[in-house]
Amino acid sequence: MTGSVSTIAAAETGRARGAAPPASGRASIRLIDVHKRFETFHAVRGLNLEIRDGELLVLLGPSGCGKTTTLNMLAGLEQPTSGQILFGDRLMNDVPPEERDIAMVFQSIALYPHLNVRDNIGFGLRSRKVPKEEIARRVEEVSRTLDIARLLDRKIHQLSGGQRQRVAIAKALVRRPTLFLLDEPFSSLDAELRRQMRGELVRIHREVETTMVFVTHDQEEAMAIADRIAVMNAGEMVQIGSPLDLYQTPKNRWVARFIGAHPINLLDARFDAGSGTLALLPDGRWTATVPPEIAAALRSNGANGTVSVGIRPEHLTVESGPPGNGQAGGEIYTRQILGTEILYEIDAGSTRLRAVTPTARLFNPGDPVRIGLDWANAFFFDPQTEARLYPPDGR
Amino acid sequence: MNTWVGPIIVLAIVAVAVVLAVIAINVAFRRAGARRALTYFFAALLVVWTLVPIYWLLNMALMYKTELLSVPTHLYPHDLTTSNFVRIFGGSATGPTGEELLPVGQAPAIKRGLVNSTIVALAVTALTVLVALPVSYALGRLQFRGRSGMLFAILLSRSYPPIAIVIPFSYLYIRWDLQGTLRGLILIYFTLTIPLFVWVMTGFFSSLPRTVEAAARVDGNTRWQTFYRVILPMSWPGIAVATAISFMVCWNEFAFAQFLAAGSPAQTFPPVLPAMFFQISMPTEMAAASIVGIVPPAILAYLFQRRIRSLNLVDPL
Ligand SMILES: Nc1ncnc2c1ncn2[C@@H]1O[C@H](COP(=O)(O)OP(=O)(O)O)[C@@H](O)[C@H]1O
Ligand SMILES: [Mg+2]
Numbered sequence: 494m495t496g497s498v499s500t501i502a503a504a505e506t507g508r509a510r511g512a513a514p515p516a517s518g519r520a521s522i523r524l525i526d527v528h529k530r531f532e533t534f535h536a537v538r539g540l541n542l543e544i545r546d547g548e549l550l551v552l553l554g555p556s557g558c559g560k561t562t563t564l565n566m567l568a569g570l571e572q573p574t575s576g577q578i579l580f581g582d583r584l585m586n587d588v589p590p591e592e593r594d595i596a597m598v599f600q601s602i603a604l605y606p607h608l609n610v611r612d613n614i615g616f617g618l619r620s621r622k623v624p625k626e627e628i629a630r631r632v633e634e635v636s637r638t639l640d641i642a643r644l645l646d647r648k649i650h651q652l653s654g655g656q657r658q659r660v661a662i663a664k665a666l667v668r669r670p671t672l673f674l675l676d677e678p679f680s681s682l683d684a685e686l687r688r689q690m691r692g693e694l695v696r697i698h699r700e701v702e703t704t705m706v707f708v709t710h711d712q713e714e715a716m717a718i719a720d721r722i723a724v725m726n727a728g729e730m731v732q733i734g735s736p737l738d739l740y741q742t743p744k745n746r747w748v749a750r751f752i753g754a755h756p757i758n759l760l761d762a763r764f765d766a767g768s769g770t771l772a773l774l775p776d777g778r779w780t781a782t783v784p785p786e787i788a789a790a791l792r793s794n795g796a797n798g799t800v801s802v803g804i805r806p807e808h809l810t811v812e813s814g815p816p817g818n819g820q821a822g823g824e825i826y827t828r829q830i831l832g833t834e835i836l837y838e839i840d841a842g843s844t845r846l847r848a849v850t851p852t853a854r855l856f857n858p859g860d861p862v863r864i865g866l867d868w869a870n871a872f873f874f875d876p877q878t879e880a881r882l883y884p885p886d887g888r
Numbered sequence: 060m061n062t063w064v065g066p067i068i069v070l071a072i073v074a075v076a077v078v079l080a081v082i083a084i085n086v087a088f089r090r091a092g093a094r095r096a097l098t099y100f101f102a103a104l105l106v107v108w109t110l111v112p113i114y115w116l117l118n119m120a121l122m123y124k125t126e127l128l129s130v131p132t133h134l135y136p137h138d139l140t141t142s143n144f145v146r147i148f149g150g151s152a153t154g155p156t157g158e159e160l161l162p163v164g165q166a167p168a169i170k171r172g173l174v175n176s177t178i179v180a181l182a183v184t185a186l187t188v189l190v191a192l193p194v195s196y197a198l199g200r201l202q203f204r205g206r207s208g209m210l211f212a213i214l215l216s217r218s219y220p221p222i223a224i225v226i227p228f229s230y231l232y233i234r235w236d237l238q239g240t241l242r243g244l245i246l247i248y249f250t251l252t253i254p255l256f257v258w259v260m261t262g263f264f265s266s267l268p269r270t271v272e273a274a275a276r277v278d279g280n281t282r283w284q285t286f287y288r289v290i291l292p293m294s295w296p297g298i299a300v301a302t303a304i305s306f307m308v309c310w311n312e313f314a315f316a317q318f319l320a321a322g323s324p325a326q327t328f329p330p331v332l333p334a335m336f337f338q339i340s341m342p343t344e345m346a347a348a349s350i351v352g353i354v355p356p357a358i359l360a361y362l363f364q365r366r367i368r369s370l371n372l373v374d375p376l
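Chain order of the listed sequences is A and B. Numbering-wise, this note's numbering comes out as the position in the first sequence, counting from 1, plus 493. Numbering-wise, this note's numbering comes out as the position in the second sequence, counting from 1, plus 59.
What the hints contain is simulated information worked out from the structure, not anything from laboratory work. All of these numbers come straight from a predicted model, not from anything done at the bench. Don't take each hint at face value.
Taking lysine to aspartate or glutamate and the EDC-like style, the derived pairs with C-alpha atoms no more than 20 Å apart in a straight line are [what the hints assert, rightly or not]:
id, chain 1, residue 1, chain 2, residue 2
1, A, K622, B, D236
2, A, K648, B, E272
3, A, K744, A, D720
4, A, K744, A, E879
5, A, K625, A, D612
6, A, K622, A, E592
Partial chain A-side listing against chain B, Cβ under 7 Å, derived [as the list claims (entries may be wrong)]:
id, residue
7, A603
8, F616
9, G617
10, S620
Coverage of chain B stretches by chain A, computed from C-beta distances (three or more under 8 Å per stretch; other residues unrestricted) [unchecked claim]:
id, stretch
11, 262-275
12, 288-296
Every residue gets a Cβ at the ideal spot worked out from N, C-alpha and C, and that includes glycine.
The following block holds chain B by itself, in its conformation from the complex (with noise of 0.2 Å):
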């Protein structure tokens, strides 16, 4: 019987959410014809695919496990607590029945993955920014001898997934004391963050306007105050962009972590919640760690949503 709940319930959210597309279809049809129609389609289609999962998340992350275990399934926590979030960062709670529940055997864990998540992502994203900078600067604006050579190799390097290259990187890293180190995992996530804010810098450097450049040259500016006075200035949206990207690769990057940080004090947040499954834990907590490590990219992705919109991504090449 209780296996049945699961399904049952993404059924239902399946055909709520066929309805309110085809409700959206019938409006947007009388509005404006078959185009709009579609996008309003996909578009909810999109939003339910995305939002769903983070619901259930949040339901389970609100509610005590007794109520997460009772049948049929609550589609929101009709006993709401936070006691999870308390928990998993060490607190103790009173549970609906007034018994003591303890800390999460993994809020230690939560607590310095947190924080070196966020001291590897935020060194990361500052020294990406500073090198790939200028480097996008120059494969977008220059002309030269094996531009193209090396956005190819740029591109080339984003290829392939990380765990094709931690086996022989997790025995480096052992040979030059860089195993479970901090600054390890600073140094290999420049391999995931470079190539791609020089990606997409390139190509927004090289959609400028290029008498722009030269009216500042001609203005009085040398080739390097041109760069920081009109080039900078009017990127601002490409490198929030860029910044914020690279941000969220850093946050959530997972395959190095696990190989080459998992169990050491430079472990981040990502390899805790497979931790936590392994060990004796309950969905809530879990759904309240994933919440936990979902709201910094959120708050990013939503600073930068208007930028996001405002940004053409132009292919360099």
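Only chain A is shown next, with the shape it has when bound in the complex (with noise of 0.2 Å):
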């Protein structure tokens, strides 16, 4: 973080020269204990997170987590109500959002009614005074990637969601700033162009090396695309992590079941401290052995009754037969074919599991099937705080 001023510095007088700011030696971003309070609503609380220079952090949480709060605070377009937000060694507390150097896509795609396309993209530049012939050489080579070129002449009422989101993305990619926040960008895309935008996105985020936060209330499109996911619920930070830490070791029952394709298995079961067994169903339906690392590992930390045991579909084993040891006995339900694999929920006993297998086994609706499962793939956490106490971290 050494020489992080004189950067700033250097990025500032950068831009009164209209000149890109440098592309490296930037420090990263550091929020500090930072609360937001709206006059009745605390919608930010305690927040703590670095973001490191470069990196492509997705903020992810379900709507009205706080993450816009979070990156118009970033942006300053809202002050933190306490707390410090340092870009580098630099308090931004108070920094006005126009001496920031930052560019931002909004959720709600704010272009401006009364200027076309081309000149959409090219406002901010044109506000930090860049050459007339640098702004068109780069809004032409922007609304190449994104595929609007033919649309450069159009006012903004003419375009229809999806080309007005390109637009907004276009106009902060063309600007070349020392942060990007992207809020929601592929929001009205239709999953096609999404899933392509994604694709588009990282590989840009790879050549510019900019710092990019990236808000979005869908696992998979942060899982697709970040470095590291910081997972918010109800306006604190839940966990930060990769995304296969994040899917591998959730840290606790709420993120398990945030994250992942298909929504996780989740069974109150009972462990016997004393013999090491699990009642994974009610009734005696399922009952394993559990290995000794685990039994340990529940052991230590007090667990003797009622566990939370999560088990991902994906993890699940569906076979013919009658149950064998650690096995339960069900009946599948319903089938959804998703192409490569196959969705089944399944009826055990009172209890509905969802497991997702190879397309290779095909069963019907009604077909008596056994379950098991694979316990390098099972967590478990505690009923109360939800905190997963197995695996462990770093496994």
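Two chains, two frames, some hints: make the complex.
This is the structure we're talking about:
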């Protein structure tokens, strides 16, 4: 972080001359115990977060959890009620947006209705006194990347929602700022285009090596593009880590439920610490002896009695035949063929389980099956605190 | 006999309007059902309602007074003349039988009135825009203590007729040497135009999408640059309409003008018409003067009609 102050100074003089900011030697962004209170609502509650230089960080969380508010504070559009926002070593809390060298794509696609597409994209550059020829060149370039070159002379009201969103993204990309903020930028694109844009964004990020903070409520999108994901819930950050971290070692039951293409099976199991047996379903429909290291981990966490077990649908096995040791019997309830895999809903007594299997095995609704699990892929959570008991961190 | 003619003409015109409306209804019904038909009906009614008096003014203004007095009344000038317009501006003309028609006695007052009205309306409008635009931006876009109180006060200030306060103002103006001056009129017209302008523009500003402003800030503009680079260009329709309305209010204002400036060198155009009425004057000449008075607002309305149509007035409260 040394030299960061002079870096920002350099970035500022660069801006004054209209030149692009220096591409290297920037520093990280830190949020330290940041709170945001609106009149009646505590939207962000003690956020601690370090955004590394050059990373693509995704803020992920359900709608209303404070993602946009956090982004607005990074942009300078909202002031934190308390806490600190640091760019490098510089305290940014009261620095107005126009002095931050940030490009932002707004959730509501804020384009200028009185300007055509070309002038919308170039507006930020013109505001920063970039020479005309360079603006024209860069606008052409970015509009080719985003496939909107033939829309350049249209007015905003003549564009579809998806086209507007691409113009908004182009407007940000053309800027070459020191920080990109993208608030659900792909939300009004159709599925195909969204997939395409994800790939494109990752490519652009690798190319420009600029820090990006990307907001979404879509875990699939987050998993697809992020270097790291910060999961937020109700104004707090729950967990931060790489997509695989979150998938493999969710910090608690809430994250386990939120992350993953298919909703995780959460079972209220009973663990008998003495014998090391686990009743995964009521009525003794599914009991198993847990491996010793799991039993040890559960015992050392004081678990005895109810424990919450999470098994991802893709980690359940579904086979024909009567249940063997450590397996449960069930009956196929519904089947969805997803292409390379099949999603089954299976009734096991009063509990309905979800399982995803390779297409090779095809069962029909009503078929009796046996369900098994792989202990290596099971999660154990404290039923009260929801905290993960097993596996341990860093597996 | 003579006294019957007017009402009969009016009845005839109403009858024509009704027939037209019925035809419109029939056509529209066949095309698009009851709602369209009703729309057409009221539109037709409105057009007739507005245009007939103007047509009648024009009809009178383009006749010699001898023709005006003929029975039955002519529905259009049989002997078309511009002499009334020439004469209200101080020129002489030749009558239908070759006699000389002298200038209208009020011609100097009409000319001066038009000049004064133009000065007052332009000055007031320009200063109103300058003062009221920032005020309405603040009221429309910023949250601050006392905002709705201010808006309410502004609305209230438009709720009494000028005539209700003109007497005390008249006393004050005599005292302050503002009676019969353009300065005085300009000053008092602000009390009409600024609240109106602020009311219209506050609604307009508050209806603009908020994130566009945020986007402009992030794009590198200060609050002030955002105002003139983004907010103002987005607001032209509203500004144009509010400006035009302010101008028309000044141009048409009668009560203040009558009490504070009539008979003085600062007399504006509206008080001239009643003055003509009380002197020996002919309807033809008054009609010509009225038409002249209508022209500037009509031109403004025509210029801004597209903008007015595209404007959604929003209640800023
Ligand atoms: N200006 C505001 N005044 C009051 N409450 C607000 C304001 N902006 C956002 N909120 C509230 O703060 C919470 C977080 O909002 P937001 O950051 O937009 O959520 P997200 O982007 O994660 O969906 C929401 O409950 C929202 O209603
Ligand atoms: Mg949001």
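Comparing the hints with the structure gives:
1. A:K622 with B:D236: violated, 52 Å
2. A:K648 with B:E272: Holds, at roughly 18 Å.
3. A:K744 with A:D720: holds, 18 Å
4. A:K744 with A:E879: holds, 9 Å
5. A:K625 with A:D612: holds, 11 Å
6. A:K622 with A:E592: holds, 14 Å
7. A603: holds, 4 Å
8. F616: Nearest chain B Cβ about 6 Å off; hint holds.
9. G617: Since the shortest Cβ distance to chain B is 4 Å, the answer is holds.
10. S620: holds, 4 Å
11. 262-275: With 6 residues closer than 8 Å to chain A, the stretch 262-275 of chain B meets the three-residue bar; holds.
12. 288-296: holds (count 5)
Checked against the numbered hints given earlier, this structure breaks only hint 1.
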